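There are 2 protein chains.
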Amino acid sequence: MKPLSDDIEAFIKALLGEDQDQVDVQRNELAGYFRCAPSQITYVLSTRFTPDRGYVIESRRGGGGFVRIVRLKKTKADHLLYLINQRIGASVSAQDAIAMIQQLLEQGTVSEREAALMRAATSARAINLPIALKDTLRAGVLREMLLQVALEQKEA
Amino acid sequence: MKPLSDDIEAFIKALLGEDQDQVDVQRNELAGYFRCAPSQITYVLSTRFTPDRGYVIESRRGGGGFVRIVRLKKTKADHLLYLINQRIGASVSAQDAIAMIQQLLEQGTVSEREAALMRAATSARAINLPIALKDTLRAGVLREMLLQVALEQKEA
DNA sequence: ATTTTGAAGGTCAAAAATAGTCAAAAATAA
DNA sequence: TTATTTTTGACTATTTTTGACCTTCAAAAT
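Line by line, the protein sequences are chains E and C. Under the working numbering, the first residue of the first sequence carries the number 335, and numbering increases by one thereafter. Under the working numbering, the first residue of the second sequence carries the number 335, and numbering increases by one thereafter.
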C-alpha cells in the first residue's frame, strides 16, 4: 500500500500540471480532502517540495491564509539551483559569498544594483555576530536571496 | 479566498490614486459598503496605512466626522536617511521590515526585484536564530542594504 | 450660554480562521 | 531487531473579524 504522502504529493503535482508553475492551496482543505491531519500536509511539503527538488513554499496564516507551492524552471535556474543546493551548505564565508555574487553578476543573472544589495546583506558589517555563527547566518541570508532570484527567473 | 482586509486596503489605495495625496472617508460608510464591523476599517488603517508604510491617519469624531488618509511625500533621500538613522535601531521585527520595504517600493526607491531581495534577506527563514538575536541581526542586514541604496542614490 | 443628544470615531479583548512545530506513535524497510 | 519514514495530535503562532463599551464633536434644544 502506497503511503498517503505519495498521493498528496501526486495531487499537488497534478495541480501544478504543465503550464502552471505555481499553485495556492489551503492546508486544512487539503487535509480534509485526504482525511488526514493538517500537519501531514506540512510534512509532505517539507519532504517533497524542497528547493532541492526545485520547489519553494510560501505561506500566510490567519483568515484568507494559504500555502503557495512554486516550481522553479530548472533549465533557466540551473546554476542558481546548484549554488542553492550544493555550493551553499551550512556555512558560507564572506569571501565565498562575494565570489558567488560576482559570478551571478557576470553571467547577467542579477543587475549591478542587485549584486550590491546582496553584497551588503552578506557583508561582515551586516552580520555582526560571534564568529561561530556568522557563516551560518550568511548561508541562510544568501540562500534566501538566491531562492528569490530563482523564483523570478521562472517568470522571465 | 483573499481576506477582506486586502480588498479594503486596495479600495483605499484606489481612492488615493496617482495624484491625490489624501482622501477622507467615513468609517461607518466604508464598513457598510464592505458589510463588516466598523472596527475592521480601523484594523486595516492601523495595519496597512502606518507611518512605516508612508501614511498617516487623522480623524474627527462626532457629526460630520471623518478619517483622513494622508500619503507622506518625503524625498527618497530624506526618507532613506530617516530609516537608516532614526527608524532602524538596535532591532527590527520581520513585520516592520516588510512595512519599510513596502514603502520604498511604493516610493519607487527600489524595484520590485530589489524589494523582493530585501524581503528574502530579512525574512524569518533567512534569519534563523534564537529569538533574542533575530531582530538585532535583521536590523544590521536591513541597515546595510539601505546604506547601499542610499549610496547609489547619491551617484545618480 | 449651557445642556442634551445623536452621530461619528476609538479601544480592546475575544473569537475565528489559518498555518507551523515538535515529539510520540505507528508503519515500513533494512 | 534496528533504522527510517509516515501519521497523528497537542500546542503554538499569526492574521483577520467581530462586538461590547468608551470618547469626542457639533448641532439642536433649553
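These are calculated hints, taken from the structure and not from any lab test. Fair warning: there could be bad hints in the mix.
Pair by pair, the computed Cβ-Cβ distance ranges are [stated by the list, open to error]: (1) C:Lys410 with E:Ile432: 41 to 47 Å; (2) C:Asp358 with E:Gly351: 33 to 39 Å; (3) C:Leu485 with E:Gly351: 33 to 39 Å.
Part of the chain C face toward chain E, derived, beta carbon under 8 Å [unchecked claim]: (4) Met335; (5) Lys336; (6) Ile346; (7) Leu349; (8) Leu350; (9) Asp353; (10) Glu448; (11) Leu451; (12) Ile465; (13) Ala466; (14) Gly474; (15) Val475; (16) Met479; (17) Gln482.
For clarity, every value in this text was computed on a predicted model and none was experimentally measured. Using N, Cα and C, we set each Cβ at its ideal position, and we do this for glycine too.
(request) State the violated hints by number, sorted upward, taking the hints as numbered earlier in the document. (result) 1, 2, 3, 6, 7, 8, 9, 12, 13
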